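Construct the entire structure; sequences and hints are all you get.
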Amino acid sequence: MDLSFGPEYESFRDEVRAFCARHGSRSPKMGTGLGGGRPGPELREWQRLLIEHGYAARTVPVAYGGFGAEPDILKRVIIDEELNRAGVSRGIGGQGPDMLVPTMLEHGSEEQKTRWIGPTIRGEVVWCQGYSEPNAGSDLAAVQTRGVEDGTDFIVNGQKIWTTTAHASDMMFGLIRTEPNASKHGGLSYILIAMDTPGIDVRPLATMTGEAEFNEVFFTDVRVPQANVIGRRGDGWTIANTTLKHERNSLASSALLDGAMRQLVALMRRETANGVRAIDSPLLRDRLLRLQARVEALKYHSLRMLTARTRNEFPVVAALVTKLAGCEVSHQINVLAIDAMGELGTLYEGSPRERNHGRWQSQMMFTLGLIIGGGTAQIQKNIISERGLGLPREPKAGSGR
Amino acid sequence: MDFGLSQEQSLLEESLRRYLRDECPVTRIRDLVAETPGRDGGVWADLCALGVGGLLIAEEHGGSGLALLDAAVAAESLAWGVAPGPFLGSAVMAPLALAAAGSAEQRVRLLPRLAEGSLRIGVAATEMVCRRDDAGVVERGGALSGMALMVLDGVDADQLLVPLDDGASLLLVAADAPGVKRTTLRTIDRTRGFAEVAFDGAVGEWVGERGAAGDACRRMLDAGRVILAADILGASERAIEMAVDYAKQRQQFGRVIGSFQAVKHMCAEMVAELEPARSLVWYAAHAFDAVPDEASLMAAHAKAHLSEIGPSIVRTATEVHGGIGFTDELNLHYWFKRVGVDRQLLGSPDALRESAARMQGWI
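Going line by line, the protein sequences match chains A and B. Note that the working numbering has the first sequence beginning at 85, numbered continuously upward. Note that the working numbering has the second sequence beginning at 5, numbered continuously upward.
No wet-lab data here; the hints were simulated from the structure. Every value quoted in this text rests on a predicted model; they were computed, and no experiment measured them. Mixed in with the good hints there might be a few duds.
30 Å max Cα-Cα, derived DSSO-like pairs, lysine-lysine [stated by the list, open to error]:
| id | chain 1 | residue 1 | chain 2 | residue 2 |
| --- | --- | --- | --- | --- |
| 1 | B | K252 | A | K480 |
| 2 | A | K480 | A | K268 |
| 3 | B | K252 | B | K341 |
| 4 | B | K252 | A | K268 |
| 5 | A | K113 | A | K383 |
Here you go:
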């Protein structure tokens, strides 16, 4: 157990810190990250600077426009910590740089990598992910949107849903059923689709928060070149699953929890009912402390998972539980904040007396979305018990397809 | 940056679990403790031969001079096997207090014997946290009077470590000294031996000067809380193992019950609670030695949090077993009861959360 990073990493930290001190003023104001639109010129310029110094697209080879460093998870952590500390943007994230680029590096052809990776990491091409469908949610492999061969193209028909950023995207990477006679899992291909192709209709999908963070995407006779398949036809399921390996380090989310907890404490020291501060109510305070213990546990849990990665260990169960545990705590933090404000906790949509621009309510609802999205809590429990604990799989109906 | 167990710590865990699995299964422990709670036969001697007694004792005094994280790893394994023995009192709280506040002469005289297991010290720490039934010990002119309830590892202890009501003075009293009357208590957990001790003019030796052992008392309490959290961790882990194994074998409705989502999800929920909690226990143990500013807060959080999730895990593990879980024969209740006792010791979860709020200046 040693929580120091050692001299090599500390000097790297100094470098990042010096970069922030010198260039930090050029960073765009921090945006919301999720459901965002296209990166503007200021953010693209900041991203260029980050790539040049190796703080973005760090391990993407130079040939494709990246920095070309060896993977080093600790340096990545230090970069994130220092950019956060300085309050500057971490650059362009989202589905393209975070999900597509690593997948393409692993499975893409030389031509695909040369064409797409550079513009993607520079924020010139914006991507959305086309996985979920109305009838393929928890059962993702049940994707029905089909691509029928027509010369050198596929003709795509069907519908995707929960497509973040689709309204602002140039391209989609998605799962399309191209092999009607193959098995359920073996019939999918991982395909790149230009969003300006005729026949694509993007409609915003409003959620309970009142915002439209997501979209529905409809395909009517959309012509897509077969050359846009990543890897081989029919390998889409395997390729989409490797994407999951590239999910961002959980440290980022535990830092978010930590920040939310600090804001909650500040709120409870400020808000009063009958002249008594929320934090002076023994019942509310007890709930606060229960949550604090969980946030601390998750903070050190992510350090433990990080260490496991540097040691090339994979503690299956411990790794699988993080989403389930983290999303729930995140939701409960917002629930408690609302309770601490009582009646005023319901204020929304810019109402007079609303606190923090209504963020506690919108986050309470949004985190419920996170509990459901990316594999519902119940699917997470299936995965934990089956892959982690070795309990028998659910009998699968229709896996023959 | 390395947040995980060292190779040595993993080896310690392995060797303790091997011993407990092969030499000291719960069926043997049942017999050992049937008559007197906490009476361990030769188990404590065996464990001390494996180095358990001296983990926290300096090498110059016959121990291995390790850190609280090593002791937490040991505690987790001991609870995994519901091992009897005075680990909390004689291997953690007493040696830490003696090292912090004792004289050089006391350290030389007592620590080597604690390490080898030939001396047992019970710790009368309960009243440091909460007084019930008018208990508490006062000192007048070198003589002790009053009552200490729930003395940790008090059964079979040769000496008793007694903090006074001022929270800053410590005395060591021979358990067979005149004016000491010890009564064995019976809790739901037979694997640990609690006693209550009545003092009536008993004379002991000071550990540190009067009023000068406040730090030692606080450190002893923090360490005890972390070790209890680790105990809950190990006991809960074993209960989950038993439940998952059972869910893979037991058949009803023509299927193993572990293929039903209702059962599967119970198992997933147990590990989803346990694994982040393990990280919290490790950090609290690490902080005790390496991050002094956070040591007390993290000890309180770890103990409070594990005291919430542990009972819920052992209860769920019992339910996964169905009717057999409720039987005496299955022995799962040894882990259930161990956790139930841990939860109440050295501060109930609600009281610990209140002190955590105070430590942060919130109240």
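Satisfaction of hint between K480/A and K252/B, Cα-Cα up to 30 Å: holds (18 Å)
Checking one constraint from the list: CA of K252/B to CA of K341/B, max 30 Å. Satisfied? Since the Cα atoms of K252/B and K341/B sit roughly 25 Å apart, the hinted pair holds (cutoff 30 Å).
Can the restraint linking K480/A and K268/A be considered satisfied, given a maximum Cα separation of 30 Å? holds (11 Å)
Straight-line alpha-carbon gap K252/B to K268/A, limit 30 Å: holds (28 Å)
Given hint K383/A paired with K113/A - CA-CA distance at most 30 Å: Judged against 30 Å, a Cα distance of about 26 Å means the pair holds.
Violated hints are absent here; each numbered hint is respected by the structure.
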